[in-house]
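Q: From first to last, the protein sequence lines are chains A and B. Using the working numbering, you'd call the opening residue of the first sequence number 1 and step up by one each time. Using the working numbering, you'd call the opening residue of the second sequence number 408 and step up by one each time.
Hints are not guaranteed to be accurate.
Example chain B residues on the side facing chain A (calculated, C-beta under 7 Å, incomplete) [said to hold, decoys possible]:
(1) Gly452
(2) Phe460
(3) Leu487
(4) Ala531
Listed next, the stretches of chain A that the computed footprint assigns to chain B, with coverage defined by at least 3 CB atoms under 8 Å from CB atoms of chain B [stated by the list, open to error]:
(5) 52-63
(6) 69-82
These are calculated hints, taken from the structure and not from any lab test. Glycine included, each C-beta is placed from N, C-alpha and C at the ideal position.
Protein chains: 2
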Amino acid sequence: MALIVHKYGGTSVANVDRVKAVAGRVVNAARRGDKIVVIVSAMSGETDKLIDFAHQISSQPNEREMDLLLSSGERVTSALTALAIEALGFKARSLTGRQAGIITDTVHTKARIARISCDRILEALDEGYIIVVAGFQGITEDGTEVTTLGRGGSDLSAVAVAAAINADRCEIYTDVEGVYRTDPNIVAEAQKIDKISFEEMLELASLGAKVLQTRSVEFAMKNNMPIIVRSSFSDNPGTLVTKEDKDMEDVIVSGIAYDKNQARFTIVHVPDKPGIAAQLFNAVASSDIIVDMIVQNISSDGKSADISFTVQTSDTKKALEVSERAARELGAKKVDVNEDISKVSIVGVGMKAHSGVASKMFQTLAHHNINIMMISTSEIKISCVIDATFTELAVRVLHDAFDLAKH
Amino acid sequence: MALIVHKYGGTSVANVDRVKAVAGRVVNAARRGDKIVVIVSAMSGETDKLIDFAHQISSQPNEREMDLLLSSGERVTSALTALAIEALGFKARSLTGRQAGIITDTVHTKARIARISCDRILEALDEGYIIVVAGFQGITEDGTEVTTLGRGGSDLSAVAVAAAINADRCEIYTDVEGVYRTDPNIVAEAQKIDKISFEEMLELASLGAKVLQTRSVEFAMKNNMPIIVRSSFSDNPGTLVTKEDKDMEDVIVSGIAYDKNQARFTIVHVPDKPGIAAQLFNAVASSDIIVDMIVQNISSDGKSADISFTVQTSDTKKALEVSERAARELGAKKVDVNEDISKVSIVGVGMKAHSGVASKMFQTLAHHNINIMMISTSEIKISCVIDATFTELAVRVLHDAFDLAKH
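Let the hints inform the model, and build the full structure from the sequences given.
A: Shown next as structure tokens:
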């Protein structure tokens, strides 16, 4: 008998019939003797509808209110899912984020889980209930405020609950068959990955592969919680995300990701003296803007520096305010913004054991006349910022160059 | 400077534009220097949509889950309303039932408010916030379970919060201009009532005038909290519901109500011995069925009794089971059920000081060949059960007979 967490995303609970199908899947697992905790997202479209309502009212809606607003969608699906499981003759109980003991910090709209006080889940499991937890939401330590975990936060709810109750694994049900080596919309022959390390998945997730939320992968890695990503529309085995093992290194490049939602800021002609970067990025960080890549060059005039960085386009407006203020304070010439860029990245734990991967990537792009604006690397990843126009081309030629269709 | 509670029903917050209009109204009151607490219902149609979802899943959905499901609608409108007030430049904060300290008993789907722990509301008011509370919902004393207050429960939320914070008055905004002397759909010239006593309003509300929820009027009466019922679509003054005063007695009949959702049960030929009524109604009451009128007669055979009573048609099935079992146990002949009835009632505190009101009512009905099946009276009310076919006719002729268009 295993203890398993199931997580169902928005398309998996899109309507009453889909909710019933989810209940059927959960009940089948329970019939096999497993104890099940289910995490559900809002019905697909619901969260966007509520966001749209809020934006019809205010261009910058108060984030505390947004959390109260948006947390309602998951409550609806958790209650409906519990009802559907009961209708199949099993005991079920839905729990809100608060009732499930999901304690977060106080940063509205992107709260971090501080801890999970899972007594109530464990007690109800012992009493024979299937538990359905509203994903995406939590409550502050003092119990006063409702928080949400940011886009894709239900994945994090699932992994965190799985870790807290010491589950055997966390199964993330979605509308695709698993994690692909790259976007099948761009490369038709893209293969599904059977097994991938946490580290690779983390890079792929943070680079824009939208199957799993980044923080949920971090959390799973930290707690060594195996994740299975699979379809709620089929019985195929999906992709296992787990800790690195020997045979993973045979694959040099596991996947190719891209992210078009990036904006590049360049602070031009910053007088070159110690501490300017610190001053700039302190200002940016204190505005809760997450900076991705940073590059500093000597300017064309030789006496000052150009500092470039990228942020998510959703932060463009805030980042522009902050960097224009910083530019004035630093005595810089101006701030350039470019939203027509994308980041293309190759990922693989095998890179650690193979040389020449970076140069092969740069050569492949150069060979197709794709100019590289920024580069950033880690042990298992190489990212290039390029003109957004060439995104699909870059993904395709890299997929070819690294033989990804062959695995 | 007054402290005022505003309550907006489903049609008043039916869409984003209506929510903005509500915010405008609230802000106007705040500009006049008043402190405002707003209670909101779910957007019209939302609660019914969720109930429909649940019934697609289960014919008898678990009531605990229903409460979690249905409480989401008011959370949405409370957050949107707070955002809309902020967009007009005022500080606003939404509170769920739990956050507002609305503590109830544990009876899911029709919980009663036990007390309101209103510290958080008062503190936020002191800090200059306009508070928006999600109506219809509360939380159990131990904080574990979400409850709802039953249909129309947001009225009760509003009155209870108004009493708890010692508000000057509670303004209930709806889609009609106030309380009418009778249903304007039946009597075109029906007049709006300017002022009515709690007692009269309670009779009218419980007799089927759907403007205010009965329990909210009871609560207001107990706490002497003046209610103003008015339209959220106009600036007209509406109807003041307040404690009885001298000039109210000048009006003999304040209003005429009717209720078509009644079923009449008759237990025929019950052997006439002491305690039979007690035995029957004990059985009915222990099944949570609320009995309205009761009449006991000697049967046509002279040796036994016929006992008739009315219940809401929603309880017909349950009441039939109970009364057929009771009929067998009592040795009665049979149980007759008639759902084609209605109850027509005249209400007025002035009745206490005037005689002949009842006979005028009976004569008026008789004059139009409307047969009276049952009669029940209180100090300020006379109700007659008649054939449902004659409901509209009865309302019209009584409206005429008591000169209600003249006030």
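Q: For every hint, state whether the structure bears it out.
A: Hint check results:
1. Gly452: This hint is violated: Gly452/B lies away from chain A, its Cβ roughly 14 Å from the closest one there, beyond 7 Å.
2. Phe460: Cβ of Phe460/B sits 5 Å from chain A, so the hint holds.
3. Leu487: At about 6 Å, which falls below the 7 Å cut-off, the nearest Cβ of chain A leaves the hint on Leu487/B intact, so it holds.
4. Ala531: 11 Å, violated
5. 52-63: holds (count 7)
6. 69-82: holds (count 10)
When each numbered hint is compared with the structure, violations occur for hints 1 and 4.
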